[in-house]
Amino acid sequence: MDKPRRITDSFPRRRRRGPGRPPGRLKDKKDKDKVQVKVRDCPRAPSQPPTDPALLEMLRRFDLSWEYGPCTGITRLQRWERAQELGLSPPGPIRDALLEH
Amino acid sequence: MFSEQAAPTAEGLLTPPSAEPPTFPRVPVSGYSDCSQPFQLGERSFSRQYAHIYAVRLAGMRPGLERRAQNRWGNDVVLRKLSELQAGEKCCVVGTLFKSMQLQPSILQEISEEHNLVPQPPLPKYIQPSDELLLEDELQRIKLEGAIDVQRLVTGTILAVYGSEQDDGVFLVEDHCFADLPPPLPWNGPSSDRFVLLASGLGLGSVSGEALLSTQLLVDVVTGQLGAEGEQSCAAHIARVILAGNLLSQNTQSRDTINKAKYLTKKTQAASVEAVKMLDEILLQLCTSVPVDVMPGEFDPTNYTLPQQPLHRCMLPLASAYATLRLVTNPYQADLDGVRFLGTSGQNVSDIFKYSSMDDYLEILEWTLLAGHISPTAPDTLGCYPFYKSDPFILTECPHVYFCGNAPRFQSKLLQGKEGQRVLLLTVPDFSATQTACLINLRNLTCQPITFSGFGADDED
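Chains as they are written, first to last, in UniProt numbering: chain A, 1 to 101; chain B, 1 to 461.
Simulated from the structure, these hints should not be mistaken for lab results.
Note that the structure is a prediction, hence the values are computed from the model and not measured.
For every residue, glycine included, the Cβ atom is placed at its ideal position computed from N, Cα and C.
It is possible that some hints are incorrect.
[To be verified] List time: in silico EDC-like cross-link candidates among lysine to aspartate or glutamate, alpha-carbon distance up to 16 Å:
id, chain 1, residue 1, chain 2, residue 2
1, B, LYS389, A, GLU85
2, B, LYS143, B, ASP193
3, B, LYS389, B, GLU43
4, B, LYS90, B, GLU20
5, B, LYS389, A, GLU67
6, B, LYS90, B, ASP76
7, B, LYS81, B, GLU66
8, B, LYS354, B, ASP193
9, B, LYS418, B, GLU366
10, B, LYS389, A, ASP96
11, B, LYS81, A, GLU81
12, B, LYS90, B, GLU165
[What the hints assert, rightly or not] Okay, the calculated beta carbon distance ranges per label pair:
id, chain 1, residue 1, chain 2, residue 2, range
13, B, SER130, A, LEU99, 51 to 57 Å
14, A, MET58, B, LEU139, 19 to 25 Å
15, B, PRO183, A, PRO91, 29 to 35 Å
[As the list claims (entries may be wrong)] Some residues of chain A that are not near chain B, with every Cβ distance over 10 Å (derived):
id, residue
16, ASP9
17, PHE11
18, ARG14
19, ARG15
20, GLY69
21, ILE74
22, LEU77
23, ARG82
24, LEU86
25, LEU88
26, GLY92
27, PRO93
28, ARG95
29, LEU99
30, HIS101
Next up, chain A with everything else stripped away, as it sits in the complex (with noise of 0.2 Å):
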């Protein structure tokens, strides 16, 4: 034999699903704000137009300036909000990207 065999081999483990969830979820799901990154079959939006590559960019440049603090563990959002109201004044560009989607 190739592979040696397993007692537990008679019962295969297998990821349980609930009823009705997608194959295959993005990690943060949750934040409507966050623009998603690749386009799955969702069952909530099935007409979704195909996400603009620049706008993706910008949102990451976003991610990434330093001058607005760290950007994880807080929605997009709420790190605009932040930089905002300590003065620091971002894009407003961003933003409406943000309320848009």
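With chain A fixed as given, assemble chain B onto it according to the hints.
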């Protein structure tokens, strides 16, 4: 306050009771507003890292510090970020301080297997001569040397340093400054004598019951059941009582029951249950007569991280029936009759005491006011909630009374600032050890200690 007016009426105790006993109405409650909304957490999410709180702290305090730097070293002082430093150029940098200490307890060292170390026992102070200071801003960090007291400062302080970078990559400091006193609040204090009683560290539930007599004496004095008419009329001027933390004693925190076998611990209940019942009865007596603000402390049944949330009213069923009981957060900020109070139960000051060479609690309290931040060591060595939007511990306005509870002894000082700030700095002593509480006169911001003890050596002040 008590002694001058009380003594002449002492003979009243020896006369037969009169038909109409005199009544002394307590001074009315006017002008109370609770300003501790920034310390009240609604929804709590711990999925964030602490980088946010440091970033907001620096961004929030930077403008004020740049203004202070320009006032101190001239309007033309060059303000630079660490990434823009040039060797040899005299400039000013604003950043967060980090003190790397060899003895600082580190959980990673304790669980590291290759070291095979026994966990370090808690020491009173963790400072060592080999500690180093580093200044961090948003992107880089640099070592500090020169005219800066390494032993005295603690991690998390925001400061501005003036000096130049040396060739070996070290910043040579010639002068440094902190945010200094925040802008003053207008004074709307009362025109007649009005007192606030501050006590902390009641320590209920401890093994020895010595402090219980003193606690009962305190309650009796405040409710006017002790003394002759003079003392009663003085007690009627007490407008409020603030209990600043550690209502339960450290003994209630023992967790032996976790290590013992279940069959040995079946019928035992936590020591804090009895202690909270005692607290409820004491608060009931106080609340029937005077408004009481109860702040949680280090050993009280609430969360551990700062800001500590108020005790839950279901723990105090008898006392919470009264509207005079207010369960408040730690730190606590409120406007009493136009006088702004701000204070903590002492965890911030005792944490700075462990990591700094400053020995005097009043000195540390004054230093936190001058540094513009209630607790700079949070979240490094003191537990703190991971704020991300704003740091509520930054001092934006100068309070009139700034206190900390659970200090080893009573100390007070009236600090005058350059812009007209007047602050009464107050360290409230631990009641279970010293049986001393503080009486603050709101009219002229004076303070006196009042000691309760049962053996006649010093009676009421």
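Against the structure, the hints come out as follows:
Distance restraint check for LYS389(B) and GLU85(A): the Cα-Cα separation of roughly 9 Å lies within the 16 Å cut-off, and the hinted pair is therefore satisfied. Our distance criterion of 16 Å between C-alpha atoms is broken by LYS143(B) and ASP193(B), whose separation comes to about 52 Å. About 14 Å separates the Cα atoms of LYS389(B) and GLU43(B), which keeps this hinted pair within 16 Å; it holds. This hinted pair does not check out: LYS90(B) and GLU20(B) have alpha carbons roughly 79 Å apart, beyond 16 Å.
For a cut-off of 16 Å, the pair hint linking LYS389(B) to GLU67(A) stands: about 15 Å separates their Cα positions. For the hint linking LYS90(B) to ASP76(B), the alpha-carbon distance of about 11 Å falls within 16 Å, and the restraint holds. Between LYS81(B) and GLU66(B) the alpha-carbon distance is near 12 Å, which keeps this suggested pair within the 16 Å criterion. Of the pairs offered as hints, the one joining LYS354(B) and ASP193(B) is violated, with about 38 Å between alpha carbons and a cut-off of 16 Å exceeded.
With a C-alpha separation of about 15 Å, the suggested pairing of LYS418(B) with GLU366(B) holds against the 16 Å cut-off. For the hint linking LYS389(B) to ASP96(A), the alpha-carbon distance of about 20 Å lies beyond 16 Å, and the restraint is violated. About 24 Å separates the Cα atoms of LYS81(B) and GLU81(A), which puts this hinted pair outside 16 Å; it is violated. A distance of roughly 8 Å separates the Cα atoms of LYS90(B) and GLU165(B); the hinted pair therefore holds under the 16 Å criterion.
For SER130(B) and LEU99(A), the hinted distance range of 51 to 57 Å is satisfied, since their beta carbons lie about 53 Å from each other. Hint check: MET58(A) to LEU139(B), Cβ distance near 22 Å, so the stated range 19 to 25 Å holds. A beta carbon spacing of about 32 Å between PRO183(B) and PRO91(A) agrees with the range 29 to 35 Å that was offered as a hint. Distance check for ASP9(A) against chain B: the nearest CB is about 35 Å away, which clears 10 Å, and the non-interface claim stands.
Annotated as non-interface, PHE11(A) keeps its C-beta farther than 10 Å from every C-beta of chain B; the closest such distance is 34 Å. For ARG14(A), the shortest C-beta to C-beta distance to chain B comes to about 29 Å, beyond the 10 Å cut-off, and the non-interface label holds. Taking the minimum C-beta to C-beta distance to chain B, about 24 Å, the non-interface status of ARG15(A) holds against the 10 Å cut. Under the 10 Å C-beta cut-off, the non-interface status given to GLY69(A) relative to chain B is violated; the minimum distance is some 4 Å.
Not every C-beta of chain B lies more than 10 Å from that of ILE74(A), the closest at about 5 Å, which undercuts listing it as non-interface. Interface exclusion of LEU77(A) from chain B stands, the closest Cβ pair being 12 Å apart, more than 10 Å. The claim that ARG82(A) lies off the interface is violated: its Cβ sits roughly 5 Å from the closest Cβ of chain B, which falls inside the 10 Å cut-off. Against the 10 Å criterion, LEU86(A) falls within the reach of chain B, whose nearest CB is about 5 Å from its own CB.
A Cβ of chain B approaches the Cβ of LEU88(A) within 10 Å, the least distance being about 7 Å, so the stated non-interface status is violated. Every beta carbon of chain B lies more than 10 Å from that of GLY92(A), the smallest distance being close to 20 Å; the non-interface claim holds. With a least beta-carbon separation of about 22 Å from chain B, PRO93(A) lies farther than 10 Å from that chain, consistent with its non-interface assignment. With a cut of 10 Å on Cβ distances, ARG95(A) stays outside the contact zone with chain B, its closest approach being about 16 Å.
Every CB of chain B is more than 10 Å from the CB of LEU99(A) (nearest about 18 Å), matching its label as outside the interface. No Cβ of chain B approaches the Cβ of HIS101(A) within 10 Å, the least distance being about 22 Å, so the stated non-interface status holds.
Violation of the numbered hints given earlier is confined to hints 2, 4, 8, 10, 11, 20, 21, 23, 24, 25; the remaining hints are satisfied by the structure.
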